[in-house]
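Here the protein sequences line up with chains A and B, keeping their order. Counted from 1, the first sequence has number 420 at position 420 by UniProt numbering; the numbering is strictly sequential. Counted from 1, the second sequence has number 190 at position 190 by UniProt numbering; the numbering is strictly sequential.
For the record, the hints were derived by calculation from the structure and aren't laboratory data. You may find that some hints are simply not true.
Which copy is meant is left open, so a pair is good if it fits within one copy or across any two.
Stated by the list, open to error - With a straight-line cut-off of 25 Å between C-alpha atoms, the simulated BS3-like cross-links for lysine-lysine are:
1) K45 with K145
2) K293 with K132
3) K133 with K185
4) K356 with K586
5) K185 with K132
6) K132 with K303
7) K449 with K432
8) K327 with K586
9) K449 with K565
10) K433 with K575
11) K327 with K601
12) K571 with K433
13) K571 with K432
14) K449 with K575
Protein chains: 2
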Amino acid sequence: MAKENTVIKDRLEKLRAAMAKNGIDYYIMPTSDYHNSEYSADFFKVREYFCGFDGSNGTLVVSQNFAGMWTDGRYFIQAENQMKGTGVELFMMLNPGVPTIAEFLFDNMKDGETLGFDGKVISTSVGENYEKKLSGKAVKYKIDKDLAEDVWTDRPALPCHDMYVLSDELCGRSFKEKLANVRSKMREFGATAHLLSKLDDIMWLTNLRGSDVECNPVALAYAYITFDRFVLFVQEKEVTDEVRAYCDKVGIELKDYHEVMNFISEVKLDGNVLCDKRNTNFLTYKTLLDRTKEAGVLLKNEKDPTEIMKAVKNDTELKNIREVYLKDSVVLTKFIYWVKKNVGKIPMTEYTAAEKLDGMRAELPGFIELSFPTISAYKSNAAMAHYEATKDNAAEVKADGMLLVDSGATYMGGTTDVTRTIVVGEISDEIKKHYTATVMGMLNLASSKFMEGCTGRNVDTFARMALWEMGIDYNHGTGHGIGYMLNVHEGPHSIRWRFNEGMHEAVLQPGMIVSDEPGVYIEGSHGIRIENIVEVVERETNEYGRFLGFDHLTYAPIDLEAIDKKYMQPKDIEKLNNYHKMVYEKVSPFIDDEDVKKWLKEATRAI
Amino acid sequence: MAKENTVIKDRLEKLRAAMAKNGIDYYIMPTSDYHNSEYSADFFKVREYFCGFDGSNGTLVVSQNFAGMWTDGRYFIQAENQMKGTGVELFMMLNPGVPTIAEFLFDNMKDGETLGFDGKVISTSVGENYEKKLSGKAVKYKIDKDLAEDVWTDRPALPCHDMYVLSDELCGRSFKEKLANVRSKMREFGATAHLLSKLDDIMWLTNLRGSDVECNPVALAYAYITFDRFVLFVQEKEVTDEVRAYCDKVGIELKDYHEVMNFISEVKLDGNVLCDKRNTNFLTYKTLLDRTKEAGVLLKNEKDPTEIMKAVKNDTELKNIREVYLKDSVVLTKFIYWVKKNVGKIPMTEYTAAEKLDGMRAELPGFIELSFPTISAYKSNAAMAHYEATKDNAAEVKADGMLLVDSGATYMGGTTDVTRTIVVGEISDEIKKHYTATVMGMLNLASSKFMEGCTGRNVDTFARMALWEMGIDYNHGTGHGIGYMLNVHEGPHSIRWRFNEGMHEAVLQPGMIVSDEPGVYIEGSHGIRIENIVEVVERETNEYGRFLGFDHLTYAPIDLEAIDKKYMQPKDIEKLNNYHKMVYEKVSPFIDDEDVKKWLKEATRAI
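Build the full structure now, drawing on both the sequences and the hints.
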């Protein structure tokens with residue numbers, strides 16, 4: 001039997017005492033902050049605190065005589081290890097016979113019992129699903145209490161970092177112009193007020209930035225918009241003099257972040273309220289729902305108008321993005337050269353290679369932060385979807401096989417993302433076949449021409465065709481939108497093929513930028529991903545309508561050592577040669593070292 | 001001023017008298033039978049009777065001092081001509097400033113007035129749309145009265161033709177087996193009764209056929225299904241002794257077609273009722289809605305379970321379909337030879353060419369009827385989407401340009417559909433370019449390999465890629481499902497690319513058959529369409545999942561005189577050559593005439 005984990009057991013006992021005090025029979029702790037951000041700060045790691053499991057996905061459910069943690073297949077082994085001796089039961093999601101949390105609660109909760117959770121860290125869809133699944137039971141809810149407040153004594157503080165202001169010149173549109181567009185959409189929806197909870201949307205709209213979420217240049221914030229007010233809720237300590245002066249000037253009314261719930265509980269409603277359920281936490285949404293009912297107005301659940309405005313980049317943003325991607329591409333090109341030159345000659349691990357690349361990026365003028373933790377995966381590690389090398393646990397990179405590097409940064413002028421799989425030694429014919437098909441997929445999508453009205457579902461298959469012909473697929477989307485000095489993953493558009501009834505799809509529009517990243521992952525052997533970022537552009541408008549296409553934003557060589565022409569049609573070869581010609585033309589002027597330039601010439605040669 | 005059309009004016013006066021008698025202020029006459037069939041019989045041509053316009057789409061609205069007819073752009077000129085002197089106003093749908101019918105009624109109807117129509121010829125979605133758009137007005141409805149009954153004295157009878165029975169051997173599944181599957185879906189949906197209104201679904205389920213709708217081998221029918229009854233409503237006169245004996249044997253309870261409304265108004269409901277809104281007329285749906293409310297049960301609006309069962313053909317159906325398509329392909333091949341040999345030498349019009357082909361098909365054993373009126377369009381006529389040559393109005397086919405022929409038939413063993421565009425003389429380089437891209441599109445889709453889970457929206461672009469690259473599109477879907485000895489157009493699957501929020505998509509499954517018919521239409525110059533029917537098949541199942549593809553069902557030569565290799569990649573040429581090799585292998589054994597065989601060899605040569 002595993003040794004008892006008295007630390008966790010002690011914490012759980014304290015939690016149970018708090019539950020009893022608050023009249024809560026079952027308490028749920030998920031993995032999210034108040035805004036469903038991609039990364040949660042330490043303050044929000046309540047689930048980890050009470051069960052020991054620190055993976056990126058897990059939900060802990062506790063009652064007086066039960067504790068269970070639900071996670072997905074990526075984490076079964078890790079969770080089992082980390083929760084040893086805690087008495088917390090592991091529920092392996094999607095395994096046969098394993099109930100969902102809602103099913104478990106339905107089977108175990110008794111009429112009259114109370115389900116509790118902090119409704120600020122539960123998304124509205126999850127909260128509504130609990131309510132729906134438990135609707136046959138006389139269950140009560142307590143959703144406004146974060147029990148960790150009382151129990152977790154050495155809890156880290158809520159992230160709180162200085163905000164900063166981006167100039168209108170850098171943003172291409174002033175806050176005032178953007179706000180006018182949002183208000184015009186509010187009018188269209190028949191709303192006189194709009195609560196916006198999505199952090200990157202608030203940052204985009206205000207031309208402000210912050211640093212409260214890892215790798216996302218955003219501050220924790222809410223915005224409440226009417227036709228004569230714009231109230232921004234942020235932590236007072238984050239508001240620098242510069243930010244305050246800017247807000248005064250442009251008419252942003254500042255209130256403390258922690259006041260938002262009181263505010264929406266009390267503010268006078270003189271018309272319908274626009275609020276996007278997908279982006280608003282359960283407690284906030286429910287509060288607004290009650291308030292609007294009370295006031296005899298409607299809560300209009302419509303897409304945040306900022307979402308599409310943010311996704312379609314303006315001319316200034318596009319100009320800056322193109323420049324930033326080029327300088328980022330130059331760094332990556334130099335890094336590829338460095339890897340190829342030094343592999344087998346100097347000590348190199350996945351971790352030190354990533355450190356090298358991160359350091360090169362950090363030296364660029366305008367560098368702010370990485371846009372996500374660099375993925376550096378050698379050989380078969382690259383086949384693991386969520387592999388993460390750490391300083392102490394990283395494979396040595398030898399002169400054999402390939403190194404996959406997926407990386408990016410946010411600079412003044414844009415956020416980047418790029419993946420290259422670098423040949424560092426001998427590779428098999430099978431790898432070359434897979435590599436060639438991956439490259440063909442990336443270029444086939446990037447060079448496609450399609451009619452306006454297409455969504456990512458229409459064009460995804462262009463990237464998969466060559467792989468599907470070989471009976472290979474990759475188990476991830478082909479592309480995601482990317483923010484402007486914002487989150488590296490943003491919607492509403494994406495490039496995915498799978499159909500889900502009632503799913504939302506966004507039509508591709510000129511000015512959107514999107515990733516194009518097919519891959520091949522062979523467990524225990526190798527992983528390949530080639531990712532360029534492309535910009536949607538107009539190609540032609542004629543009697544049939546408007547034809548769109550993509551322009552590359554990423555210019556970095558694709559490893560010709562892994563290309564086998566026998567799998568390519570003349571047109572495929574032409575696409576690769578054209579791309580490499582552009583890479584050399586764009587990148588070489590920024591390469592001073594003659595050795596690197598010479599190598600680049602060779603690395604981008606026509607085949 | 002146009003000469004008065006006293007015939008129409010007189011009819012309208014009689015209609016207005018009937019309206020007054022029935023307390024109806026506005027009366028709507030659309031274009032549909034009781035089952036929203038693709039073709040309406042003469043009995044249903046009420047709109048034509050009261051305004052003179054006989055196009056395939058139009059809705060007439062009449063009040064005491066107004067008559068207006070709404071139609072789409074295909075018919076503006078025709079409608080104007082046919083309605084001259086009738087006093088009926090033409091409303092050009094989708095033209096700027098032209099109100100929809102609902103908008104017109106909203107603007108013109110007064111509170112307290114009554115809107116009337118025969119709710120049996122209005123689809124539920126259209127009816128609900130009227131109700132929704134007029135919800136701000138105190139408008140009353142009278143939807144159970146077909147005023148033509150009183151006014152149209154020489155009205156043609158409701159179509160009434162003998163039904164017939166297909167053997168279980170021919171259908172692959174007995175009625176009993178199919179019914180068990182339907183009942184099992186009813187259980188899943190929690191329904192104890194199911195009203196089925198869709199004619200081809202009823203025919204498929206019962207293994208019966210009829211001839212009440214042009215080109216569709218269906219009888220006018222309803223089916224009411226519970227766990228212990230199967231009631232089939234058909235016109236008594238259609239029930240032959242054979243049909244009656246079969247129904248007795250398999251437990252089909254026969255009732256007269258005209259009894260259905262009484263039946264559903266009176267039948268005891270002891271549970272929820274399953275009824276697919278999309279396939280049920282407004283009056284029937286509303287009646288059931290009232291009945292279920294009254295009985296305290298639910299009307300479950302779910303997809304008819306028969307829809308997907310019918311679409312996925314069973315092994316027997318597939319075996320027969322393959323044979324029927326081959327014999328149909330042989331006929332088409334011989335016809336192509338006949339056209340090419342005789343053009344410019346004997347008198348030939350679009351109409352006589354179609355007659356020749358129809359006659360050749362009619363001679364085949366098992367021929368039942370054409371699956372749709374043959375489209376035969378010469379040169380620029382082929383660019384018109386809805387061109388129809390008639391005996392008296394058909395272009396002469398000369399030894400110049402191309403003839404497009406889209407045709408098919410229902411035989412014992414399957415329903416076919418195929419298009420070939422035949423070179424009959426000189427064609428331009430531009431035509432060759434367009435023709436080559438169309439063929440590449442057809443073959444590219446047909447030879448694609450894709451993952452299970454794809455719908456038509458994922459693969460449509462395979463057929464368009466080559467055309468889109470040239471900045472050309474076709475303004476129709478790429479593919480539709482096809483019935484088994486049933487309608488030439490059937491769902492739920494299709495191959496289309498356009499996105500509509502909330503649209504229904506069906507995943508492609510092995511056993512489905514679907515058309516693959518890209519085209520190019522240049523107004524005033526030429527029209528090209530190449531259509532093969534393909535069968536969805538499994539290609540491979542491995543660790544990534546199940547890969548599907550298509551097998552050709554159609555084997556007829558593609559005109560090499562219009563192919564220009566310079567637009568093709570080696571892979572495209574290989575696809576064409578492989579297809580032609582199969583065409584020769586499959587078709588030539590059925591060609592006795594050595595001249596034809598020799599020609600076919602040449603027509604299917606590798607290029």
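Okay, the hints, checked on the actual structure:
Within a single copy, K45 and K145 get their C-alpha atoms as close as 16 Å, which meets the 25 Å cut-off; across copies the closest is 67 Å, which misses it. In this assembly of identical chains, K293 and K132 lie within 25 Å of each other by CA distance both inside one copy and across copies; the values are 20 Å within and 23 Å between. In this assembly of identical chains, K133 and K185 lie within 25 Å of each other by CA distance solely across copies; the values are 23 Å between and 35 Å within a copy. For the identical chains of this complex, K356 and K586 are intra-copy neighbours only, at 23 Å inside a copy versus 63 Å across copies, given an alpha-carbon limit of 25 Å.
Taking the shortest Cα distances, K185 and K132 sit within 25 Å of each other only across copies (24 Å), while inside one copy they are farther apart (31 Å). Taking CA atoms no more than 25 Å apart as the test, K132 paired with K303 passes in both settings, with 23 Å inside one copy and 23 Å between copies. Proximity of K449 to K432 under the C-alpha cut-off of 25 Å is restricted to the inter-copy arrangement: shortest distance 21 Å between copies versus 27 Å within a copy. When the C-alpha separation of K327 and K586 is checked against a cutoff of 25 Å, the pair qualifies only within one copy, where the shortest distance is 10 Å, while the shortest distance between copies is 59 Å.
For the homomeric pair K449 and K565, the shortest alpha-carbon distances inside one copy (24 Å) and between copies (21 Å) are both at most 25 Å. Proximity of K433 and K575 under a CA criterion of 25 Å is satisfied in both settings, with 17 Å inside one chain copy and 21 Å between copies. Taking the closest pair of Cα atoms, K327 and K601 come within 25 Å of each other only inside a single copy of the chain (18 Å); across copies the shortest separation is 59 Å, beyond that limit. In this assembly of identical chains, the alpha carbons of K571 and K433 lie at most 25 Å apart whether taken from the same copy (17 Å) or from different copies (17 Å).
In this homomeric assembly, K571 and K432 come within 25 Å of each other (Cα to Cα) both inside a single copy, at 19 Å, and across copies, at 20 Å. Taking the closest pair of Cα atoms, K449 and K575 come within 25 Å of each other both inside a single copy (14 Å) and across two copies (22 Å).
The structure agrees with every numbered hint stated previously.
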